[in-house]
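Student: All letters in the sequence shown, in the order written, are residues -11 to 306 by this note's numbering.
One should not assume that every hint holds.
As the list claims (entries may be wrong) - Computed spacing ranges between beta-carbons, pair by pair:
hint, residue 1, residue 2, range
1, Met(-11), Gly160, 40 to 48 Å
2, Glu180, Glu83, 48 to 56 Å
3, Asp30, Asp183, 46 to 54 Å
4, Ser38, Arg272, 52 to 60 Å
5, Asn11, Ser38, 15 to 23 Å
6, Arg110, Asp24, 38 to 46 Å
Said to hold, decoys possible - Here are the simulated SDA-like cross-link-like pairs (lysine to any residue), alpha carbons at most 25 Å apart as the crow flies:
hint, residue 1, residue 2
7, Lys0, Ser25
8, Lys0, Cys159
9, Lys0, Val286
10, Lys0, Val86
11, Lys0, Asn75
12, Lys81, Gly(-2)
13, Lys81, Gly41
14, Lys0, Phe106
15, Lys0, Arg40
16, Lys0, Glu83
17, Lys81, Tyr67
18, Lys0, Gln34
19, Lys81, Pro19
20, Lys0, Gly10
21, Lys0, Glu29
22, Lys0, Asn11
23, Lys0, Gly171
24, Lys81, Arg42
25, Lys81, Ser63
26, Lys81, Gln34
27, Lys0, Gly41
28, Lys0, Arg42
29, Lys81, Thr26
Hints are computed from structural coordinates only; laboratory data are not their basis. Each residue gets a CB set at the ideal place from its N, CA and C atoms; glycine is no exception.
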Amino acid sequence: MHAIGIDIGGTKIAGAIVDQLGNIVASDRVPTPAGDSTLLEDAVVQMIESLRGRAEEEIVAIGVAAAGFVDAAQSTVYYAPNIDWRNEPFREKLEARVGTTVVVDNDANAAGWAEFRFGAGRLVSDMVMLTIGTGVGGAIVAGDRLFRGGFGAGAELGHLRVVPDGLACGCGQRGCIEQYGSGRALLRMANEIADAGGIGQGLARVRSEHGELDGRLVGELIASGDAGAIAAVRQLGHWLGQAAASLSAVLDPQRFVFGGGVAVAGELLLEPIRAAYLEHLPARGYHPEPDFVIAELVNDAGVVGAADLARVWVAEHA
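Work the whole structure out from these sequences, hints included.
Tutor: Structure below.
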């Protein structure tokens, strides 16, 4: 029951053969030709054929994960922000070329499903995952099922509005959690703290030495215990905790899972999230409290989840 998972990112395409227990049997990686949809399709087909040639068991299905809106049939990409896809029938095109069942899904859905099945979401039936990267991605599992919404474009949790008329977001609205709880937001907060002096002196020094702050530099300062960098993480966690409280009021998950580059801060991120969650939780004291954990699968979540979603689709449509 092996399946192939393909994760199409803005800079790279990752692929893997994945067994039914979520283990990666073989893997591959190539640059993403994001500016040309035909070349991208060719690259995905070549990767599938390469992986299939290394498979020792039959490949039952192929799962593809990509950033963007995917229809409820797991077939057509309505819109992809980093690829020239608009109403792209990607499943149909791939199946015609590779001759195997293909399932297409949102990349955050794939990562969340992988954590639910094989990672930090094991042993619960209802889970919310927030991926803290350049933006904020999201996935919802409710009653052991991945939630997609009526049109397939649900669980865009990064665009939950937390500040009325707040910072402008790339989605066209203002005040989305993506502008307050993402890696980009962390850099903005770190720069503001650096500008203020005091505990920001370490951030200001590193910024002066390197010309600007980036995620790696701020991450190193967080790991070293720099007071300014930790203050920035606490601000970030405060906003994410507020968002989690609002999500709890609607979804009532047993567990929140946090992934993405910023999540390597671990408990330094989770502690302010828990505090802000309790501060903003409706009916605090009477509402059961979920767990808050860090994702386990890290960079493999996309390919593992895509492969398993394809395997599930085949099983349900047999």
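Student: For every hint, state whether the structure bears it out.
Tutor: Right, here's what the structure says about each hint:
Remark: the range hint 40 to 48 Å for Met(-11) to Gly160 is upheld by a beta-carbon distance near 42 Å. The hint said 48 to 56 Å for the Cβ distance between Glu180 and Glu83, and at roughly 49 Å that hint holds. Restraint check, Asp30 to Asp183: a C-beta distance of roughly 47 Å satisfies the suggested window 46 to 54 Å. For Ser38 paired with Arg272, a C-beta distance near 53 Å keeps the hint of 52 to 60 Å intact.
For the pair Asn11 and Ser38, the beta carbons lie near 19 Å from each other, so the given range of 15 to 23 Å is met. The given range of 38 to 46 Å is respected by Arg110 and Asp24, whose C-beta atoms sit roughly 40 Å from each other. At most 25 Å may separate the alpha-carbon atoms for a hinted pair to count; Lys0 and Ser25 meet this at roughly 14 Å. The straight-line distance between the Cα atoms of Lys0 and Cys159 is roughly 23 Å, inside the 25 Å bound, and the hint therefore holds.
Of the pairs offered as hints, the one joining Lys0 and Val286 holds, with about 16 Å between alpha carbons and a cut-off of 25 Å not exceeded. Of the pairs offered as hints, the one joining Lys0 and Val86 holds, with about 21 Å between alpha carbons and a cut-off of 25 Å not exceeded. A hinted pair counts as satisfied when its Cα atoms are at most 25 Å apart, and Lys0 with Asn75 qualifies at roughly 22 Å. The straight-line distance between the Cα atoms of Lys81 and Gly(-2) is roughly 20 Å, inside the 25 Å bound, and the hint therefore holds.
As the CA atoms of Lys81 and Gly41 are separated by approximately 21 Å, the hinted pair is consistent with the 25 Å bound. Simply put, Lys0 and Phe106 have alpha-carbon atoms about 24 Å apart, close enough for the 25 Å limit, and the pair holds. A distance of roughly 19 Å separates the Cα atoms of Lys0 and Arg40; the hinted pair therefore holds under the 25 Å criterion. Proposed proximity of Lys0 and Glu83 is supported: the alpha carbons are some 22 Å apart, at most 25 Å.
For the given pair, Lys81 sits about 16 Å from Tyr67 by alpha-carbon distance, which is consistent with the 25 Å threshold. Taking the CA atoms of Lys0 and Gln34, the gap is near 14 Å; set against the 25 Å cutoff, the hint holds. As the CA atoms of Lys81 and Pro19 are separated by approximately 21 Å, the hinted pair is consistent with the 25 Å bound. With a CA separation close to 21 Å, the supplied pair Lys0 and Gly10 stays within the 25 Å bound.
About 13 Å separates the Cα atoms of Lys0 and Glu29, which keeps this hinted pair within 25 Å; it holds. Pair hint Lys0 plus Asn11 holds up; C-alpha atoms about 21 Å apart against a cutoff of 25 Å. For the given pair, Lys0 sits about 19 Å from Gly171 by alpha-carbon distance, which is consistent with the 25 Å threshold. Proximity of Lys81 to Arg42 is assessed by CA-CA distance (about 23 Å); at most 25 Å being required, the pair is judged to hold.
With a C-alpha separation of about 10 Å, the suggested pairing of Lys81 with Ser63 holds against the 25 Å cut-off. Between Lys81 and Gln34, the direct Cα distance comes to roughly 14 Å. Compliance with the 25 Å bound is thereby established for this hinted pair. Of the supplied pair hints, the one linking Lys0 and Gly41 holds, its CA atoms being roughly 21 Å apart against a limit of 25 Å. Between Lys0 and Arg42 the alpha-carbon distance is near 21 Å, which keeps this suggested pair within the 25 Å criterion.
Pair hint Lys81 plus Thr26 holds up; C-alpha atoms about 11 Å apart against a cutoff of 25 Å.
Comparing the model with each earlier hint shows no violations; every hint is respected.
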